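Put chain B on the given structure of chain A with help from the hints.
Residue numbers (our numbering), protein chains in the order written: chain A, 1 to 246; chain B, 1001 to 1226.
Keep in mind the hints are simulated off the structure, nothing from the lab.
Do not take every clue at face value.
Stated by the list, open to error - Far from chain B by the CB rule (all over 10 angstroms, computed), these chain A residues:
id, residue
1, Thr-28
2, Pro-44
3, Pro-99
4, Ala-213
5, Thr-221
6, Tyr-242
Said to hold, decoys possible - Below, a sample of chain B positions facing chain A; criterion: calculated Cβ distance under 8 angstroms:
id, residue
7, Gly-1064
8, Ala-1070
9, Ser-1074
10, Thr-1081
11, Gly-1085
12, Thr-1132
13, Phe-1136
14, Gly-1168
15, Gly-1171
16, Val-1217
17, Tyr-1218
Because the structure is a prediction, the values reported are computed rather than measured.
Where a beta carbon is used, it is the ideal one built from N, C-alpha and C, also for glycine.
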Amino acid sequence: MRRHNVFGLLALAVLATLTVVSQADALTGLKTYKLVTVDVVVTPSPAPVGMFGPAKPSYPNAFPAKTQVASSSTLAWDVPPGDAALPQLIAQVSAQPTPTIPVQFVAKPDPNAQYLHVIPHEPPGGFYAPYGTTKFTCAFEIYTYYTNSYKLQDWGYNTNKTAGASAGTYPIENYPAQSYLSWAVPDFAATFTPYWNQGPGGETTWSGAVKQAQQHCVDLTLTVPNSQPAGSYTAAIEYALYVTLP
Amino acid sequence: MSGDVKRTVTAAAAALLLAMLVPQIARSAPAQGSAQMNWKVLPSVKAQVTPNYLSGYGPQGGLGSGVTPAAGPSASLQGGTVDFGNVVVGYQYLYKYAAQVAVQTNDSAGFVVYGEGATDLNGSNPVPAPSTYPIFSTLYWLPSNASNSPFSPATSFNKTGGNPIAGGANGIDYSGTGGVPSAMSMIWTSPTSGNVTQGYDYQLRLSGAMPASQFNVYIVYTVIGN
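Next comes chain A alone, as it looks inside the complex (with noise of 0.2 angstroms):
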């Protein structure tokens, strides 16, 4: 009788312990999710620069201010005899209508704004970042809000875990590399943080009350190493709400 009820007794320890994990499972769900783009511009160069003024045109000038006529110079030529492509060569400009593409679209209003949405402050052209490591005060903020208890959760974006076995480039790249992009909360710790680049998941950027609206920036940091080609990059960043349902 002892040993049955000590049988027992685990069974309904092994039992409630599996009640109680799998509530904990289904009791947060994902209420919503954004992505932040971040555009960087590496510009050039680690190397000395050199201060030169343009070159000058090697093109010929169509309208010179003196025609020459009868000459033996090295005139170049802007339209080579015996083009066999252009047969047909037309020394004017033609008259034809202005090239225009109408755009259009229907903005509506996002119906999870009141729980997430992002308030970006890239610059014009996105943030310029020279070799080595740049910090970016206040890139965006986030605002969190929810009726019950939640947590706000991110990772990079544009790995090979979410967009293909190509992702996974600069600056965030793929796990076990570690992305040169990083983040920190001022209003909660200094420390920066690699963006997660191991796919969803993810890690937690903020966790929030019930009824608790909360408003922060989040601060960047770069690293461009010498070997990374100057150019435009972007990163991707996922910001999912997790919320504690009733």
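Using the frame of chain A, we list chain B on its own:
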């Protein structure tokens, strides 16, 4: 004056006249030679722009909005409008095969293509306050590529510094800006002559501050030979 003297004077005058005329006759005689003629042909540059230029055109993205985007009714294959349809504020979209620019030129120095908004985005239904929203940092372009996504690097369209004609439907008058668009609006340069094309996708990045409305804008392309 004697007859001999008269004959002598007459002969001398005739000789003098002959001496004057012979070189002239010699100079007007036919001659042959060669000359190298070099000239410059004014460049001819023609361009056409085709919206929705490939099958499969239309919007994608809006991840998290709960709404799957679809091209609006004004879009049609190789015509119509680049119509993103219904999009949700706060999300990002990619419009595949939005526009194709075709250029024909005999200018061996090539050409430059500019593309910019004739205006900011005009809100109409309902009319927001203010009635326009900046095109800059909202509508972007990027060369068409199968791997493009709503989060691919792209370049923002600018609002023109010229005067839109008929709201941009008939282009832009650049006479007040030196006859050319801003260098910031350059989207393509080609160093050679020939018949060439380039396709573009558009990106829409809707800031959370954008009001709900129908928005329209004309993107005007200008091609200038080098």
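Evaluation of the provided hints:
1. Consistency note on Thr-28/A: stated as away from chain B, and its beta-carbon is indeed over 10 angstroms from all of that chain's, at 17 angstroms minimum.
2. Non-interface status of Pro-44/A relative to chain B is upheld: no Cβ of that chain comes within 10 angstroms, the nearest being about 17 angstroms off.
3. Against the 10 angstroms criterion, Pro-99/A falls within the reach of chain B, whose nearest CB is about 4 angstroms from its own CB.
4. With a least beta-carbon separation of about 15 angstroms from chain B, Ala-213/A lies farther than 10 angstroms from that chain, consistent with its non-interface assignment.
5. Every CB of chain B lies more than 10 angstroms from the CB of Thr-221/A, the least distance being 20 angstroms, so the non-interface label holds.
6. Annotated as non-interface, Tyr-242/A keeps its C-beta farther than 10 angstroms from every C-beta of chain B; the closest such distance is 13 angstroms.
7. Below 8 angstroms, beta-carbon pairs count as interface contacts, and Gly-1064/B has one with chain A at about 4 angstroms; its hint therefore holds.
8. With 8 angstroms as the threshold, the beta carbon of Ala-1070/B stays out of range of chain A, its nearest partner Cβ sitting at about 12 angstroms, so the hint is violated.
9. The closest approach between the C-beta of Ser-1074/B and any C-beta of chain A is roughly 6 angstroms, which is under the 8 angstroms cut-off, so the hint is satisfied.
10. Given hint, Thr-1081/B at the interface with chain A, holds; its Cβ is 4 angstroms from that chain's nearest Cβ, closer than 8 angstroms.
11. The criterion of a C-beta within 8 angstroms of any C-beta in chain A is met by Gly-1085/B, whose closest approach is roughly 7 angstroms, and the hint holds.
12. About 13 angstroms separates the beta-carbon of Thr-1132/B from the nearest beta-carbon of chain A, more than 8 angstroms, and the hint is not met.
13. Evaluation of the Phe-1136/B hint against chain A yields a held restraint, the C-beta minimum of about 6 angstroms falling below 8 angstroms.
14. Here the hint on Gly-1168/B is kept, as its CB sits about 6 angstroms from the closest CB of chain A, short of 8 angstroms.
15. With its C-beta approaching chain A no nearer than about 3 angstroms, Gly-1171/B sits inside the 8 angstroms limit, and its interface hint holds.
16. Given hint, Val-1217/B at the interface with chain A, holds; its Cβ is 5 angstroms from that chain's nearest Cβ, closer than 8 angstroms.
17. With 8 angstroms as the threshold, the beta carbon of Tyr-1218/B comes within range of chain A, its nearest partner Cβ sitting at about 5 angstroms, so the hint holds.
Hint check: violations occur at hints 3, 8 and 12; the rest are consistent with the structure.
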